[in-house]
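2 protein chains.
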Amino acid sequence: MQSAFVYSIQQTEGAARLSTFTTPHGTIAMPAFAPVGTQANVKTLEPRDLTAAGCGLILANTYHLYLRPGHRLVETFGGLHTFMGWHGPILTDSGGFQVFSLAHQRQIDEQGVTFRSHIDGSRHRFTPELVMEIEQALGPDIAMVLDECANPLDYVYNQQALARTHRWAERCKIAHSRPDQALFGIVQGGIFPDLRQSSAAFLRQLDFPGYAIGGLAVGETKTQMYATLDETCPALPTEKPRYLMGVGAPEDIVEAVYRGIDFFDCVLPTRLARNGALLTPDGRLNIRNAQYAADPRPVQEDCACYTCRTFSRAYLRHLYRAGEISALRLGTLHNLQFMQDLMGQIRQALANGHFGEFRAAFLARYQISDQSVRHEQRARYQASLQARAT
Amino acid sequence: MQSAFVYSIQQTEGAARLSTFTTPHGTIAMPAFAPVGTQANVKTLEPRDLTAAGCGLILANTYHLYLRPGHRLVETFGGLHTFMGWHGPILTDSGGFQVFSLAHQRQIDEQGVTFRSHIDGSRHRFTPELVMEIEQALGPDIAMVLDECANPLDYVYNQQALARTHRWAERCKIAHSRPDQALFGIVQGGIFPDLRQSSAAFLRQLDFPGYAIGGLAVGETKTQMYATLDETCPALPTEKPRYLMGVGAPEDIVEAVYRGIDFFDCVLPTRLARNGALLTPDGRLNIRNAQYAADPRPVQEDCACYTCRTFSRAYLRHLYRAGEISALRLGTLHNLQFMQDLMGQIRQALANGHFGEFRAAFLARYQISDQSVRHEQRARYQASLQARAT
Chain X
0 MQSAFVYSIQ QTEGAARLST FTTPHGTIAM PAFAPVGTQA NVKTLEPRDL
50 TAAGCGLILA NTYHLYLRPG HRLVETFGGL HTFMGWHGPI LTDSGGFQVF
100 SLAHQRQIDE QGVTFRSHID GSRHRFTPEL VMEIEQALGP DIAMVLDECA
150 NPLDYVYNQQ ALARTHRWAE RCKIAHSRPD QALFGIVQGG IFPDLRQSSA
200 AFLRQLDFPG YAIGGLAVGE TKTQMYATLD ETCPALPTEK PRYLMGVGAP
250 EDIVEAVYRG IDFFDCVLPT RLARNGALLT PDGRLNIRNA QYAADPRPVQ
300 EDCACYTCRT FSRAYLRHLY RAGEISALRL GTLHNLQFMQ DLMGQIRQAL
350 ANGHFGEFRA AFLARYQISD QSVRHEQRAR YQASLQARAT
Chain A
0 MQSAFVYSIQ QTEGAARLST FTTPHGTIAM PAFAPVGTQA NVKTLEPRDL
50 TAAGCGLILA NTYHLYLRPG HRLVETFGGL HTFMGWHGPI LTDSGGFQVF
100 SLAHQRQIDE QGVTFRSHID GSRHRFTPEL VMEIEQALGP DIAMVLDECA
150 NPLDYVYNQQ ALARTHRWAE RCKIAHSRPD QALFGIVQGG IFPDLRQSSA
200 AFLRQLDFPG YAIGGLAVGE TKTQMYATLD ETCPALPTEK PRYLMGVGAP
250 EDIVEAVYRG IDFFDCVLPT RLARNGALLT PDGRLNIRNA QYAADPRPVQ
300 EDCACYTCRT FSRAYLRHLY RAGEISALRL GTLHNLQFMQ DLMGQIRQAL
350 ANGHFGEFRA AFLARYQISD QSVRHEQRAR YQASLQARAT
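Protein chains in written order, with numbering that gives the first Met the number 0: chain X, 0 to 389; chain A, 0 to 389.
Just to be clear, a hint being listed does not mean it is correct.
Because identical chains share one entry, a pair is satisfied inside a single copy or across any pair of copies.
In silico lysine to any residue, SDA-like type, Cα no more than 20 angstroms apart, as pairs [unchecked claim]: (1) K42 x E300; (2) K42 x N274; (3) K221 x A200; (4) K172 x E254; (5) K221 x Y365; (6) K172 x Y305; (7) K42 x R273; (8) K239 x S368; (9) K221 x V266; (10) K42 x A313; (11) K42 x Y305; (12) K42 x G322.
Calculated directly from the structure, the hints in this document are not laboratory data. Note that the structure is predicted; figures quoted are calculated from it, not measured.
With the sequences and hints as input, model every part of the structure.
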């Protein structure tokens, strides 16, 4: 039987690749960015908005959907595509990351991980086999193996976790049977080149149709992340798509494409929008700032999104300050468009053989938010999750 | 000079009127329902959504916009239409109702009303002259005179308030000068026929281009409200549009049209949606109920809104229960469509000379929410406002 999935490289420039990945729900032009629809909904948006922005892939979270509304309910609707009304490609994560970052009283053993729901404290257990059952019921085009997400700076922990993650990857592969769903392996190993390389080598022999790099963008510096990509990408097969999980800062995407990554997912652009941080080619624009109070310009002059075509910065600032729900949505529409436009520009630059110039020009113009500010924001967000959960 | 405003009756059936009101930003087909965009935004919606639903008129609140972002800022943008990106007809209230229901430490005197902002406690004073200045700066097609909103059941208070409201109406008329803005008078007088009739008579001689009935739907029973309309509508000139302020329950709209009202505004349909109460021809559907957990049907089978065309009740219930912002918007899209469709059906019935049958059929099918439940909901909402404000 011919595979429902075809990965094809059209052009390369150094390690960077212009490619396509064909799935049962459409062909994804890569490099691609997938916005996150945690609970089967990209927050504040509708499927028609995703289409209008040019999204080729979205992500949904297995942990959340397993807890609510339940994968069996989604299955009775024919899977996530019909349930949520999005008929393009979907990827689900394995829930592993959420179990480690959101759930309570988690206990890991060789067979799986036991935890309490962050919603109601109820007790649950994920095994590689159950996660495959859940993801096959949810029915995305791309599913991920269950892995253990370790602190990227802790060598000993990563070494131990990696061995178990590899055994779980084998079990996932055995338990997975849907031919219309591609199961990707996940390379772990923190910031340690030897662990990353042994992980890539181990997973290669399992011959997954695609490979993710997990355990990054969770506390290490950008320099450490880029160095890890430099080590890991060459260890992955050329002819399979490569997915960098949880990365979504524009500068990181450009740098990761440069190192050979094909696609990304992240809550960052949509979460930033809800906080009033709007993305522009010059960096983040904090729309709540007083300097925009009477500014008649759109957020970004050359942006084709509905927000930029319709409203001034002054009006958007008013909506954010007034606490209007519409503000969150209008900001999200823009940030999503910015990300999709960025990916389109990257693809165009690769097609023209000018990605090197694009990278230099983009990074020269785009003002990166101060790292300490970003880390403080992340700490504050995680504290708020803890506070909400307890 | 020819007036920018033309009111024209196409058909009548008993007291009910099929009519049009032409304004500088378009002709409103009446009977009409105006959703409320308190802070220059109909909550969760965009101008394109209002257009898609068939909205011919929206309302914005002078009190809120005066406080934030300020009418002078809106004026620099050329008024509300350009500021908020809605280029159809707009009506602003006078802010009187909000000063009495939201603001703090209000003190009324012959010249005006002094109050503290519910946002930051700052001190402000509305006079008829200042309110005219604000509404002319905001630039809606229809502006309202400043009035005093009294408890509809208190005869003595209404009698006193009415005299002052009439003097304020005179002062508003003198202070108002924009020929591209229609200033409407507001009939007050609670549930008391003699007061309503004297109010209508007084305002008629000021020859406003349209008349509102204020001070209803604020605590009296439906029977009292309908009886008041029975007394008041015949006292208003036939050749001017009639506006029932703050009424938006479907059954009340049908009954008020029957008594001669041409248009309405209310937060009810949009607020209900945010609470998960979705309007259908059978009455309100509480989408959070367990009975919809696996229901594949749309909210309303024959509704053409995006929500009904795209999503099942089960999916919507999931979004509401999961606390997704999108739920509020998708519910609002539907409720707004329901209201616009209701007005379209009313106009069609009037055009065909079958409004009597339509009214009977609608009221026979539409299950009215229990009055005690409604009053309890309103009390809870007002308590939450108080709690938020203190």
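Hint check:
1. K42 x E300: Neither: 25 angstroms inside a chain and 26 angstroms across chains, both beyond 20 angstroms.
2. K42 x N274: both (13 angstroms within a copy, 18 angstroms between copies)
3. K221 x A200: neither (24 angstroms within a copy, 75 angstroms between copies)
4. K172 x E254: neither (31 angstroms within a copy, 65 angstroms between copies)
5. K221 x Y365: within (15 angstroms within a copy, 60 angstroms between copies)
6. K172 x Y305: neither (43 angstroms within a copy, 40 angstroms between copies)
7. K42 x R273: Answer is both: 9 angstroms inside a copy and 16 angstroms across each meet the 20 angstroms cutoff.
8. K239 x S368: Neither way: K239 and S368 sit 33 angstroms apart in one copy and 59 angstroms across, limit 20 angstroms.
9. K221 x V266: within (18 angstroms within a copy, 49 angstroms between copies)
10. K42 x A313: between (24 angstroms within a copy, 18 angstroms between copies)
11. K42 x Y305: Both: 17 angstroms inside a copy, 17 angstroms across copies.
12. K42 x G322: both (16 angstroms within a copy, 10 angstroms between copies)
In terms of the numbered hints stated before, the structure departs from hints 1, 3, 4, 6 and 8, listed from lowest to highest.
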